[in-house]
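Q: Here is how the chains run, residue by residue.
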Amino acid sequence: MSNAIDQTRRMLSLVTYLRERPGARVSDVARAFGVTEAELIGDLNVLPLCGTSFRGGDLLDIDTDGERIWWHNPGTADDVAQPLRLAADEATALLVAARAVADLPGLRDSDRQALLRACAKLEDAAGEVAAGSAQLSVTFESEGSVFATVDRAITERRRLWMRYYSPARDALTEREVDPIRLFAVGHTYVEGWCRLSEDRRTFRLDRVAEIRLLDAPSDPPRIEPRDLSQGLVQPAGDDPEVIVEVGPGGRWVAEYYPHDRAEELPDGGLRITLRTPDPGALRRLALRLGRDGRIVAPPALAAQARDAAVAALAAYGE
Amino acid sequence: MAIAKAERLMNLALCLMNTRRPVSKRELRASIEAYHEVTSDEAFNRMFERDKDDLRELGLVIDTVESLDGEYGYLARSDRNRLPDIALDPEEAAALGLVAKVWQQARLAEAASGALQKLRAAGVPYEDPSGVLEPRIPAPEPAFEPLMLATRERRAVAFDYRKASAARPEPRVVEPWALECWRGHWYLAGYDRDRGAVRVFRLSRITGRVRTARGAFTAPVPDHVDVRETVARWAGEGVTSVTARIRLRRDSGYPLRARAVTTTPVDADWDELEVPYGHGLDAWLAEFGPDVLVLAPEELRADVLDRLRAVAKG
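In order, the protein sequence lines correspond to chains A and B. Per this note's numbering, numbering of the first sequence is gapless, rising by one per residue and ending at 1423. Per this note's numbering, numbering of the second sequence is gapless, rising by one per residue and ending at 316.
Excised from the complex, chain A in its bound form (with noise of 0.2 Å):
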């Protein structure tokens, strides 16, 4: 259920929409406007409610059969049914994001021409509302050549032969990986069906070292497109948990890996749990976090680590 404001928003634009298109159909509208048929019907439920002057007596007839939106008064409402100029807000949201995709390297020209044609237009559109966009700006990481190649992948249906680098191992593989989208949140990823693992994979662009489009057909199962709006690592309930603590020069670990619990030490340092499928990966870690954090658990893991740094040291001859 979405806010009041948003609603109104939503309602003022409708009775726009309705004026020009007398006999609209319900899921037409519904799909030109992002909601849902229930949504728009509890929509048209309220305008008839709405007067159109203060004077009283005119309110908006407006129904509906379920199936097509009638407009029986619209010779009334002149003003009211004017499309209306853009918030600062709506020129900003638009235009921060239509000015980062334009930016995002490897996208195809055409559909960078059509961004950066429209940014215009609504530059011009929006008037002095859009100055406001120019102080936030966003910028996605991605390899261009990699994200062409991926593109063009996905458009001819073809599988893809990489080289990928895993930094929980600190190694390349070799995969071929029938593409199913690309996606960027900060840096841009392709996810896929792994034909190494008989997986679904999500893979960074930046961690590709090469890519090679194949004759083969792409032909990745049915499957759901991963939820990004919980975060791209999702640890499931199942997996290992690794205490880690940090001091006051490790907390930024709790910025950057998914956790379960981060509770303050008398020092001004973290007691971490996280979850992850891969604890190995964390020795890594570990080793980074030098005098700044230790693994604590499981024993295993800080065991490995240990021994990570007296070979290490070994060759620098200690």
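Hints listed in this document are in silico derivations from the structure and should not be mistaken for laboratory results. Any given hint might turn out to be false.
Distance condition first, Cα-Cα at most 30 Å in a straight line; then the derived DSS-like pairs of lysine-lysine [what the hints assert, rightly or not]:
hint: 1; chain 1: B; residue 1: K27; chain 2: B; residue 2: K7
hint: 2; chain 1: B; residue 1: K103; chain 2: B; residue 2: K7
hint: 3; chain 1: B; residue 1: K54; chain 2: A; residue 2: K1226
hint: 4; chain 1: A; residue 1: K1226; chain 2: B; residue 2: K103
Label pairs and their in silico Cβ distance ranges [what the hints assert, rightly or not]:
hint: 5; chain 1: A; residue 1: R1366; chain 2: B; residue 2: G125; range: 49 to 55 Å
hint: 6; chain 1: B; residue 1: A260; chain 2: A; residue 2: I1328; range: 30 to 36 Å
hint: 7; chain 1: B; residue 1: D87; chain 2: A; residue 2: R1317; range: 45 to 51 Å
hint: 8; chain 1: B; residue 1: A260; chain 2: A; residue 2: Y1361; range: 19 to 25 Å
hint: 9; chain 1: B; residue 1: H38; chain 2: A; residue 2: D1229; range: 41 to 47 Å
hint: 10; chain 1: A; residue 1: R1366; chain 2: B; residue 2: P171; range: 19 to 25 Å
Positions of the beta carbon are idealized from the N, C-alpha and C atoms, including for glycine.
For this one, chain A is given, so just place chain B on it according to the hints.
A: For chain B alone, kept in the frame of chain A given last:
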């Protein structure tokens, strides 16, 4: 049952839009049914002010006019509220359909849908956003929205900020200039009044509420603020001409190899690399444990050794 707020706002908007002369608060109170439910003048005045603010937030320009007898009247003039003609071709319309779904921050996500609704009402065609790309801009930091508004309105702000390695937050008073999202994290650039200098803040390190601070901006706002360059330098990714020499075990450390200036094989197991030496390189090299040996400079070697010794002690 009380009349829903959306119905009240809608009635107020329509009354203000469909008049050629300013309408007084008294007239509005008399004609809008929802206001009849409010009996005290004080409660009505509060509600009316909030309603006007809400309508302004969604873009309605409401003029306030004082009449000869000192009473205030309000109207939303149609010439000031009409969207200028905008004609988008199908590619442009599809492009906007895609970007309207990018925001994951509630206020801007709703604003983007609202903008698209206004544009569609104005005749912009509905196009299925084609393409295979799904960009997303998250902004889960609670400080994002108040800072966005303060930046737009050029209001100084006060907040508690915990520096990366500090145990406790410290109060800051900042004139906010720009917000930038890089690698999924939001940063604020602005003038720090107590330090008398430009500073960059990571929003996730702001603790507690963002409050409005007194006084107009005291420092000139630059035309261009490069937040990313500052942050990238801290991440050790700025342009640097200084390099370090390391030994790296064959087949390991691909990202180091990708950035190396030179790579020379030493023997069957090891390569020697020259890599850019920026902030944070010591921590990164320590991650590779026994697969990296730092040769020079001495200071970097000492930093890596320090980390390794701490871990070896357990």
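Q: A separate judgement is required for each hint: does it hold in the structure or not?
A: Each hint, compared with the structure:
no., hint, verdict
1, K27(B) <-> K7(B), "18 Å, holds"
2, K103(B) <-> K7(B), "26 Å, holds"
3, K54(B) <-> K1226(A), "29 Å, holds"
4, K1226(A) <-> K103(B), "19 Å, holds"
5, R1366(A) <-> G125(B): 49 to 55 Å, "53 Å, holds"
6, A260(B) <-> I1328(A): 30 to 36 Å, "31 Å, holds"
7, D87(B) <-> R1317(A): 45 to 51 Å, "48 Å, holds"
8, A260(B) <-> Y1361(A): 19 to 25 Å, "21 Å, holds"
9, H38(B) <-> D1229(A): 41 to 47 Å, "43 Å, holds"
10, R1366(A) <-> P171(B): 19 to 25 Å, "20 Å, holds"
In summary, the structure agrees with every hint in the numbered list given earlier.
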